[in-house]
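Q: Sequence:
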Amino acid sequence: MSALLQKLRGLRTEAGLAAPVIAPPASTDVRRLVQFRAKHTRPALPIASLDREVVGEEIAPGLRFTETHADWPSPPGIIDARFARLDDPVHGANLMHFDTETTGLAGGTGTRAFMIGAADWVGERFRIRQLTITSMSAEASMLRTFASWLNPETVLVSYNGKCYDAPLLATRYRLARLPNPLMGLRHLDLLHPVRRRWKGVWENCRLATVERQLLGVVREDDLPGSEAPAAWLTYLRGGPATNLRRVAHHNAQDLRSLAGVLLHMARIP
DNA sequence: CCGGCTGGGTTTGCGGTAAG
DNA sequence: CTTACCGCAAACCCAGCCGG
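Residue numbering for the first sequence follows UniProt numbering, beginning at 1 and increasing consecutively.
Worth flagging that the hints you see were computed from the coordinates, not collected in a lab.
Cβ coordinates follow ideal geometry from the N, Cα and C atoms, glycine included.
Misleading hints may appear alongside valid ones.
Stated by the list, open to error - FRET-style restraints, in silico, Cβ to Cβ:
#	residue 1	residue 2	range
1	GLY184	LEU215	25 to 33 Å
2	GLY238	ARG195	35 to 43 Å
3	SER49	HIS91	43 to 51 Å
4	HIS91	PRO179	35 to 43 Å
5	PRO89	PHE65	29 to 37 Å
6	ASP221	GLU58	39 to 47 Å
7	LEU50	ARG196	32 to 40 Å
Start from the sequences and build out the full structure, keeping to the hints where you can.
A: Set out below in structure tokens:
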């Protein structure tokens, strides 16, 4: 029972909720067990980490926001997206590149997004915005903020987002009882056109490979995507934010590559 | 005339593959 | 652990034709 209570308390702390008042154990047996535990167990991370700096400003409790602008030689005007089997031309100003970082790959209801990166063209500049939650309870604010960036004319751009990011966000919006802002939007998923063209030519068609072959991007100090869940969970449990910042860095690079690959495939210099 | 084979075109099914 | 899509192959369908 004590272990259960402790687990519950931990979960409530992670969720950003105040610790509930726990009634003292009824029997002396239980009390002795609690005392034994207190004596022989220690918190998972006894020392609060020194490095707890998360980038960006807090725009809501537990929700951090960053906005950067990248210089880019040529913003797209109208894009012929038939290479991605979108028959109607796409206005560059309606593009919304997006990429999520999540707690795992399992896709189902157990997986949540802790970071949403989105990038679009604002005039002559490429704008990258990122949302990161530092508590479970901030998820709804993050989802609402991301929704406010989209409109019915938005054309989503992603890498495998049709199968991964979009369905995952759809379940997160449903669980948060919020309308799904991705519903009905056109979606340009670059994975499939890339595969059609370079499958069998390159060793694989992962985004990291595509950006290297097509854009000459060489990532330095890159955190593998598979380590993203641990980076966030470590921070959530009071650990250092070092790797969480690297996840944000990685996410921003993914967004730049998304735009680069799109322009390359649409034959825009 | 009728049953069954064949060729051309479409549909269905399955394996592989990205995403953290 | 999941989900969607692509590409390829097997299956399927139908028409046309030939042999019995």
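Q: Of all the hints given earlier, name the ones this structure violates by number, lowest first.
A: Going through the list in order, the structure violates hints 4, 6, 7 and respects the others.
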